[in-house]
Amino acid sequence: MRRRAWLLSAAAAGGALLVGWSVLPPRARLGGRELLPTEEGEVALNGWIKITRDGAVRLAMPRSEMGQGVHTALATLVAEELDIPLERVQPVDAGPDAIYGNVAAFVAALPLHPRDERSGQRTPAARAGRWFVTKLARELGVNLTGGSSSVADAWLPLRLAAATARAQLVGAASLRWRYPKEEIVVRDGLLTHPIGYHAHFGVLAAAAATMPPGEVRLKPREGWTLIGRSTPRLDVPAKSDGSAVFGLDVRPRDPPGALLFAAVRMCPMLGGAPQRVVNEDEVLRRPGVLRLVRLPPAAGSTAGVAVVGVTSWHARQAVDALHIEWQPPPAGTADSGAIEAALEQRAREALARDGGFAFHARGDARSAEAEVLAGGGRLYEATFRAPYLAHAALEPLNCTAQLRDDRLTLWAPTQVPSAARAAAARAAGLPEEAVTLHVTLLGGGFGRRLEVDVIPQAVAVAQETGGRPVQLLWSREEDFSHDFYRPAAVAVMRAALGADGRPVAWRVVSAGDAVLPRWLARTLPALATRMEPPDKSTAEGLYDQAYDVPHQRFAHVATDSGVPVGMWRSVGHSHNAFFMEAFVDELAQAAQQDPVAFRLALLTDDPRHAVVLRLAADKAGWGRPPPPGHALGVALHESFGSIVALVLEVSLGAPPGDGRPRVHRAVCAIDCGTVVNPGIVAQQMEGAVVFGLSAALHGRIDIEGGVVRQKNFGDYRLLQLADTPPVETHIVPSVAPPTGVGEPGVPPVAPALANALFALTGRRWRELPLRW
Amino acid sequence: MDLLINGRPTPLPDDRIDPAMPLLWVLRDVLHLTGTKYGCGIGACGACTVQLAGEAVRSCLLPLAAVQGRDVRTIESLGSPDAPHPLQRAWVLHQVPQCGYCQSGMLMAAAALLAHQPKPSDADIEAAITNLCRCGTYPRVRAAIHTAALSIGAPARPARPAAPLPAPPPPSPPLAPPTPPLSLGVSAPARGVAGARAGSAPRPE
Numbered sequence: 110m111r112r113r114a115w116l117l118s119a120a121a122a123g124g125a126l127l128v129g130w131s132v133l134p135p136r137a138r139l140g141g142r143e144l145l146p147t148e149e150g151e152v153a154l155n156g157w158i159k160i161t162r163d164g165a166v167r168l169a170m171p172r173s174e175m176g177q178g179v180h181t182a183l184a185t186l187v188a189e190e191l192d193i194p195l196e197r198v199q200p201v202d203a204g205p206d207a208i209y210g211n212v213a214a215f216v217a218a219l220p221l222h223p224r225d226e227r228s229g230q231r232t233p234a235a236r237a238g239r240w241f242v243t244k245l246a247r248e249l250g251v252n253l254t255g256g257s258s259s260v261a262d263a264w265l266p267l268r269l270a271a272a273t274a275r276a277q278l279v280g281a282a283s284l285r286w287r288y289p290k291e292e293i294v295v296r297d298g299l300l301t302h303p304i305g306y307h308a309h310f311g312v313l314a315a316a317a318a319t320m321p322p323g324e325v326r327l328k329p330r331e332g333w334t335l336i337g338r339s340t341p342r343l344d345v346p347a348k349s350d351g352s353a354v355f356g357l358d359v360r361p362r363d364p365p366g367a368l369l370f371a372a373v374r375m376c377p378m379l380g381g382a383p384q385r386v387v388n389e390d391e392v393l394r395r396p397g398v399l400r401l402v403r404l405p406p407a408a409g410s411t412a413g414v415a416v417v418g419v420t421s422w423h424a425r426q427a428v429d430a431l432h433i434e435w436q437p438p439p440a441g442t443a444d445s446g447a448i449e450a451a452l453e454q455r456a457r458e459a460l461a462r463d464g465g466f467a468f469h470a471r472g473d474a475r476s477a478e479a480e481v482l483a484g485g486g487r488l489y490e491a492t493f494r495a496p497y498l499a500h501a502a503l504e505p506l507n508c509t510a511q512l513r514d515d516r517l518t519l520w521a522p523t524q525v526p527s528a529a530r531a532a533a534a535r536a537a538g539l540p541e542e543a544v545t546l547h548v549t550l551l552g553g554g555f556g557r558r559l560e561v562d563v564i565p566q567a568v569a570v571a572q573e574t575g576g577r578p579v580q581l582l583w584s585r586e587e588d589f590s591h592d593f594y595r596p597a598a599v600a601v602m603r604a605a606l607g608a609d610g611r612p613v614a615w616r617v618v619s620a621g622d623a624v625l626p627r628w629l630a631r632t633l634p635a636l637a638t639r640m641e642p643p644d645k646s647t648a649e650g651l652y653d654q655a656y657d658v659p660h661q662r663f664a665h666v667a668t669d670s671g672v673p674v675g676m677w678r679s680v681g682h683s684h685n686a687f688f689m690e691a692f693v694d695e696l697a698q699a700a701q702q703d704p705v706a707f708r709l710a711l712l713t714d715d716p717r718h719a720v721v722l723r724l725a726a727d728k729a730g731w732g733r734p735p736p737p738g739h740a741l742g743v744a745l746h747e748s749f750g751s752i753v754a755l756v757l758e759v760s761l762g763a764p765p766g767d768g769r770p771r772v773h774r775a776v777c778a779i780d781c782g783t784v785v786n787p788g789i790v791a792q793q794m795e796g797a798v799v800f801g802l803s804a805a806l807h808g809r810i811d812i813e814g815g816v817v818r819q820k821n822f823g824d825y826r827l828l829q830l831a832d833t834p835p836v837e838t839h840i841v842p843s844v845a846p847p848t849g850v851g852e853p854g855v856p857p858v859a860p861a862l863a864n865a866l867f868a869l870t871g872r873r874w875r876e877l878p879l880r881w
Numbered sequence: 003m004d005l006l007i008n009g010r011p012t013p014l015p016d017d018r019i020d021p022a023m024p025l026l027w028v029l030r031d032v033l034h035l036t037g038t039k040y041g042c043g044i045g046a047c048g049a050c051t052v053q054l055a056g057e058a059v060r061s062c063l064l065p066l067a068a069v070q071g072r073d074v075r076t077i078e079s080l081g082s083p084d085a086p087h088p089l090q091r092a093w094v095l096h097q098v099p100q101c102g103y104c105q106s107g108m109l110m111a112a113a114a115l116l117a118h119q120p121k122p123s124d125a126d127i128e129a130a131i132t133n134l135c136r137c138g139t140y141p142r143v144r145a146a147i148h149t150a151a152l153s154i155g156a157p158a159r160p161a162r163p164a165a166p167l168p169a170p171p172p173p174s175p176p177l178a179p180p181t182p183p184l185s186l187g188v189s190a191p192a193r194g195v196a197g198a199r200a201g202s203a204p205r206p207e
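Residue numbers (my numbering), protein chains in the order written: chain H, 110 to 881; chain S, 3 to 207.
It cannot be assumed that every hint is accurate.
[What the hints assert, rightly or not] To give a feel for the contact side, a few chain H residues facing chain S, derived at Cβ under 8 Å: (1) T147; (2) K244; (3) P361; (4) G796; (5) L830.
[As the list claims (entries may be wrong)] Some chain H residues flagged as far from chain S (calculated, every beta-carbon gap over 12 Å): (6) A308; (7) A407; (8) D811.
[Unchecked claim] The following residues of chain H were derived to be distant from chain S, with all beta-carbon distances above 12 Å: (9) G141; (10) R224; (11) A272; (12) S283; (13) Q426; (14) S476; (15) L539; (16) G552; (17) A700; (18) D714; (19) P716; (20) V799.
Keep in mind that the hints were calculated from the coordinates and are not lab data. Ideal placement from N, C-alpha and C gives every residue a C-beta, glycine not left out.
Just need the whole structure built from these sequences, with the hints factored in.
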């Protein structure tokens with residue numbers, strides 16, 4: 110099946126849904142004042158913004174702060190349009206309304222190719238797909254933080270909300286002072302008139318609330334004072350003194366001292382279940398232990414039990430002391446080794462018969478191969494492999510819940526509040542309106558908290574605590590053993606190189622478990638369809654890259670191996686960039702060309718990519734000899750709308766070192782459109798290099814007999830400070846709308862490392878982690 | 003059972019206390035001092051780092067019996083809003099935290115390092131800071147420790163203070179602005195291609 114055929118059939122199916130679908134007015138995401146609950150002295154101006162008595166701004170924050178700086182970035186958009194100091198904009202929980210839904214993340218899931226929408230010229234299929242998904246996402250209003258989409262999604266609606274509020278405040282000042290609006294100045298959170306009138310927002314908020322905004326205009330780019338500057342993050346002070354509240358720091362005090370703690374033990378075999386608890390009575394007699402609660406499988410979780418105690422430690426000790434007989438899953442247990450071998454076989458078969466789902470095809474790759482061989486060229490083939498990976502966010506999964514008088518209150522570090530609320534309501538048998546959700550800070554997300562498996566567990570426990578709040582916390586071992594892993598993947602890649610070394614044809618088949626359809630089914634079941642769409646989420650990063658090779662066929666075989674898989678920072682790009690960019694590097698070598706020059710020659714249609722690649726190469730001193738014993742490696746990758754090039758300088762630690770790879774320097778260039786906060790972009794690139802190096806050097810999850818072998822940081826190593834190189838970030842100036850930042854730095858890390866190691870040793874690495 | 007937490011004798015409710023209980027859970031679940039985090043439970047990640055008699059220790063493995071009567075310091079006592087610890091000021095200057103979860107442990111380990119080693123070298127920092135950060139704040143942690151060391155600026159203390167207590171944070175002199183302005187110096191992209199280099203800390207003399 111071709112991609113275009115799928116798009117058309119999806120559009121046809123969508124057409125049926127469109128009957129009776131009213132067209133939303135363009136400002137529908139502004140939202141009414143009634144959406145924003147107010148405390149005494151506060152005045153809501155629209156669904157996003159309320160003003161406090163002392164003139165500060167409270168912003169309904171729809172996105173979760175997990176380190177990526179989104180609370181600061183979105184507050185910056187508002188502060189810019191309202192001309193108020195950034196630190197006077199405070200994020201508060203956004204409610205469940207659909208205006209807070211993330212539209213951009215859903216649009217990005219369309220399996221489009223960059224050529225479908227080059228420089229604003231979209232093909233009809235791309236236009237139709239975008240229009241349809243935008244409408245659908247807007248109607249559904251799923252509040253989700255993921256896909257590096259937050260700033261892109263908020264870019265217009267939030268600035269418009271703030272500009273509308275500003276227009277109302279100016280209108281109120283104009284009316285009160287009886288001077289024309291044009292003469293009112295807004296600066297530093299103050300409204301002033303040259304004649305001497307002045308007032309902060311709080312003074313005029315009540316009058317502004319009923320003021321028609323009139324014509325609302327966004328500030329021109331030249332007038333920006335915050336966007337584009339490295340303003341300090343709002344969350345740094347609280348994260349430097351221990352006062353920041355993460356999920357497991359929630360301490361409800363109503364009633365005082367009532368909080369209980371729960372620990373969880375799930376069947377060690379993924380998908381299995383407890384059959385019998387042998388020593389329940391004995392364990393429940395221990396001091397500080399209160400209850401044992403059965404946890405049925407829900408939202409993709411493996412079944413297990415929880416123990417409630419007076420502290421997390423009492424609960425943990427008790428749950429670990431339980432003697433439980435487990436039963437394996439009915440479908441049998443998974444083995445990662447067998448799965449990875451099967452993936453390779455599926456990919457090879459598909460390559461042989463042009464099978465799999467072709468996400469991108471142009472020209473006639475098969476015929477071109479024959480022509481190349483006849484013309485004195487040659488074929489080059491390589492197979493690449495990537496393992497399962499765990500998210501390993503430092504804050505283990507947790508959720509705090511209190512069920513009282515048919516009202517459920519949740520405190521959860523979640524990336525997907527809409528789904529968390531719905532899952533809680535389902536588990537409690539309550540309407541969603543009876544569920545209040547407070548989203549805490551997240552101690553890392555990386556995609557793990559796009560799952561809601563922990564939510565029904567917390568509800569099940571809260572149903573047994575007689576109205577007392579209970580905090581359910583996983584151990585690190587449970588967190589590693591019951592992740593939704595980055596799927597293992599294989600790609601068989603074949604290129605036909607002309608006599609001059611230039612690639613003429615590419616045929617590539619990748620294979621790996623589909624992520625998106627299963628995630629929808631367990632997390633947003635209302636959206637799951639029987640029609641399983643082609644899973645872009647594991648194919649992205651191969652078919653959608655910019656190299657101009659005339660004959661291409663990029664296909665993907667979506668599998669279901671029975672292992673719970675999910676979205677892991679940069680999702681399909683996380684492994685596909687390694688496959689693609691390590692392969693391109695090999696092709697450069699086969700063509701006896703410099704890796705940067707070889708790539709530039711293939712980027713004739715994509716000046717943005719070439720600019721990013723040149724910038725990183727220049728800043729890294731590409732072409733100059735590195736220090737003795739060092740070598741450079743480069744990778745270039747587009748993901749989440751942004752283009753990142755990375756150059757790593759590596760050596761092998763000489764004796765008395767261990768001879769293992771050591772990264773001395775990372776030079777990163779990014780084009781992510783308009784930058785809201787370059788300091789946060791630099792932070793994300795630094796973090797991405799560390800995240801990517803941990804995976805490339807150490808990351809691997811093995812499953813044997815359904816049981817995950819890696820249990821803690823002792824056997825799932827992360828990079829430490831001593832291993833971390835300095836990271837330089839260089840940003841390409843742009844006036845394009847903002848694109849992703851949180852994830853795009855990760856994909857180029859593994860290939861840049863592999864390519865640098867090749868330059869150093871002459872050996873090629875085609876499997877992650879790079880075994881030494 | 004009584005503990006000495008952040009300079010205060012702290013009685014514990016006997017009904018929830020077991021001498022084998024690790025300090026971490028007493029701090030978090032009994033005393034509600036939640037700045038100290040749980041990350042791994044095996045002493046590997048350092049999110050639970052506190053100071054015991056001036057030494058950085060991992061509280062997830064430290065039984066209550068081992069800390070009775072000894073001076074325990076947590077992130078909650080590292081500084082105050084009015085008088086932040088030099089490390090906390092450097093943390094803000096360098097914009098170190100991302101998700102922030104590991105940062106209490108990082109700060110407590112760094113504070114113990116500076117108490118013993120007021121002018122640490124890169125190697126000292128690498129040896130002392132073995133805390134895990136999944137967000138990858140390491141380059142900024144390194145830079146911020148160097149900056150804090152500069153701002154402390156006091157004559158070098160003995161490698162091991164005679165008193166078991168870590169010295170209280172000295173009165174904070176104004177933080178000398180580092181030159182060039184480190185990783186915060188990413189200028190607006192509109193002004194041209196801009197670079198930020200993290201991890202290039204000013205070195206102590």
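- Query: Which of the stated hints cannot be reconciled with the structure, identified by number in ascending sequence?
  - Reply: 1, 2, 3, 13, 16 and 20
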